[in-house]
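K.L.:
If you want the building blocks of each chain, they are given just below.
Number of protein chains: 2
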Amino acid sequence: MRMGEETGRKGLRPGGRSARVQAAVHAAVRDLLAERERGEISVPLVAARAGVTPSTIYRRWGDLQDLLADVALEQMRPDTDPAETGTLRGDLIAWVDQYREEMSSAPGTAMIRDVLASLEGSDPARQCCAISQAQLSVIFARAAARGEAVPDLDLATDLCIAPVVYRILFTDRPMDGDYVRTLVDRLLMSLRP
Amino acid sequence: MRMGEETGRKGLRPGGRSARVQAAVHAAVRDLLAERERGEISVPLVAARAGVTPSTIYRRWGDLQDLLADVALEQMRPDTDPAETGTLRGDLIAWVDQYREEMSSAPGTAMIRDVLASLEGSDPARQCCAISQAQLSVIFARAAARGEAVPDLDLATDLCIAPVVYRILFTDRPMDGDYVRTLVDRLLMSLRP
Chain A
1 MRMGEETGRK GLRPGGRSAR VQAAVHAAVR DLLAERERGE ISVPLVAARA GVTPSTIYRR
61 WGDLQDLLAD VALEQMRPDT DPAETGTLRG DLIAWVDQYR EEMSSAPGTA MIRDVLASLE
121 GSDPARQCCA ISQAQLSVIF ARAAARGEAV PDLDLATDLC IAPVVYRILF TDRPMDGDYV
181 RTLVDRLLMS LRP
Chain B
1 MRMGEETGRK GLRPGGRSAR VQAAVHAAVR DLLAERERGE ISVPLVAARA GVTPSTIYRR
61 WGDLQDLLAD VALEQMRPDT DPAETGTLRG DLIAWVDQYR EEMSSAPGTA MIRDVLASLE
121 GSDPARQCCA ISQAQLSVIF ARAAARGEAV PDLDLATDLC IAPVVYRILF TDRPMDGDYV
181 RTLVDRLLMS LRP
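For the record, the sequence lines run as chains A and B. Counting from 1, one number per residue, gives the positions in the first sequence under full-length UniProt numbering. Counting from 1, one number per residue, gives the positions in the second sequence under full-length UniProt numbering.
Certain hints may be false.
[What the hints assert, rightly or not] One side only, chain B facing chain A, incomplete, derived with CB under 8 angstroms:
hint, residue
1, E35
2, E37
3, Y58
4, R59
5, R113
6, L116
7, A117
8, C128
9, D158
10, I161
11, P163
12, V165
13, Y166
14, L169
15, F170
[As the list claims (entries may be wrong)] Here's a subset of chain A near chain B, in silico, CB distances under 7 angstroms, partners left out:
hint, residue
16, L116
17, A125
18, C128
19, A162
20, V165
21, Y166
22, L169
23, F170
Quick caveat, the hints were computed from the structure, so don't treat them as lab data. Note that CB positions come from ideal geometry on N, CA and C, so glycine has one too.
Taking the hints into account, I'd like the entire structure generated from these sequences.
P.N.:
Shown next as structure tokens:
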């Protein structure tokens, strides 16, 4: 599932010059984010670490916020399909709970904020939603193959993803596994006649 | 309900020097946002327009993002209580629909993004949520006074506010009055035995 520097996101040829530049710049950003305060990071600093010129970065990514959003999206892309538990409910609880845990963490929250801070285009935010919905779709396809009824993808987004993201961004309300089960059961109730 | 330059947010004495500076700086930001691209706005530009020194702004608001978040919050504070329709369902639909419409607009979406972009503290985002919840609380108190059952405030936030904000920030999914009615009816279903 993981795409990006390795497999040619944006149609880059893996191993080509362009892909190598992307890999070096992304790695430089990840390293710098681990070492420094976010406010200290700049395009010249990333360029120096990656061994490219600043103009290479400006040309390819626009400004620093767009680059940070690109790196955050890359990190949000899951390495694997959602865990398989044998039931729709089990798969959903496992996935939403992992999503809640990852996105509530300091790096996870920073990723969401980076995605949203790319002001010039809302494209990174759209991709962020698409990544989550692709995972839910895998879960739903499995359930359908087992003969289970599956909910609507937009409804699942409204009931299971939106509340988690809103709580992270706008509130201090804690979320735990019980909360996630409540969200999932509310969604599954919509399937009852 | 409206607080701010007029009534002394942060405990400012209305009409005092500090309140006048705040009013002038907020007005300068609103004017500049109406005239220019967001990326062209800077602290020195705001200071010149407001007739204060840049250091006054840095001292009081921190950086530009924090100032923009403060102005956005000020604009989010409603001037009036939610419209009164005579029923909980009617009040909720009217309020959520107005929230959806205002926040989906270009200035509304820019306000939400400004609130979130104040990276150094999550306080503006918490206040943004508190403003919405205060409005819902007014609606719920009215309903309770009429003898109607009222839902939990956190549940109302999860079911009626979170999906609207998530769709605005992360998707291109359109929302209309029918969508709002669906959200409100889902919340009211939770009150049924």
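K.L.:
Next item in the hint list is C128 of chain A. Is there a CB on chain B closer than 7 angstroms to its CB?
P.N.:
holds (6 angstroms)
K.L.:
Interface hint check: Y166 of chain B, Cβ to nearest Cβ on chain A, cutoff 8 angstroms. Holds or violated?
P.N.:
holds (4 angstroms)
K.L.:
Does Y166 of chain A pass the interface hint, meaning its C-beta sits closer than 7 angstroms to a C-beta of chain B?
P.N.:
holds (4 angstroms)
K.L.:
Quick one, is the A117 of chain B hint okay against chain A at 8 angstroms, beta carbons?
P.N.:
This interface hint holds because 6 angstroms falls under the 8 angstroms limit.
K.L.:
Against chain A, with CB atoms and a cut of 8 angstroms, does the hint on F170 of chain B hold up?
P.N.:
Holds, about 4 angstroms.
K.L.:
Is the shortest C-beta separation between D158 of chain B and chain A less than 8 angstroms?
P.N.:
The hint holds - D158 of chain B has a Cβ within 8 angstroms of chain A, the shortest such distance being about 4 angstroms.
K.L.:
Would the hint on L116 of chain B be counted as holding, given a Cβ-Cβ threshold of 8 angstroms to chain A?
P.N.:
Since chain A brings a Cβ to about 6 angstroms from L116 of chain B, closer than 8 angstroms, the hint holds.
K.L.:
Was the hint right that C128 of chain B lines chain A, CB cutoff 8 angstroms?
P.N.:
holds (6 angstroms)
K.L.:
Going by Cβ atoms only, is P163 of chain B closer than 8 angstroms to chain A?
P.N.:
holds (4 angstroms)
K.L.:
Return the status of the interface hint for A125 of chain A: holds when the least beta-carbon distance to chain B is below 7 angstroms, violated otherwise.
P.N.:
At 5 angstroms from the nearest chain B Cβ, A125 of chain A passes the 7 angstroms test, so the hint holds.
K.L.:
Does the closest beta carbon of chain B sit nearer than 7 angstroms to the beta carbon of F170 of chain A?
P.N.:
Holds: closest Cβ of chain B sits about 4 angstroms from F170 of chain A, inside 7 angstroms.
K.L.:
Less than 8 angstroms between beta-carbons is the criterion; does R59 of chain B satisfy it with respect to chain A?
P.N.:
violated (18 angstroms)
Going through the hint list in order, the structure does not satisfy hints 1, 2, 3 and 4.
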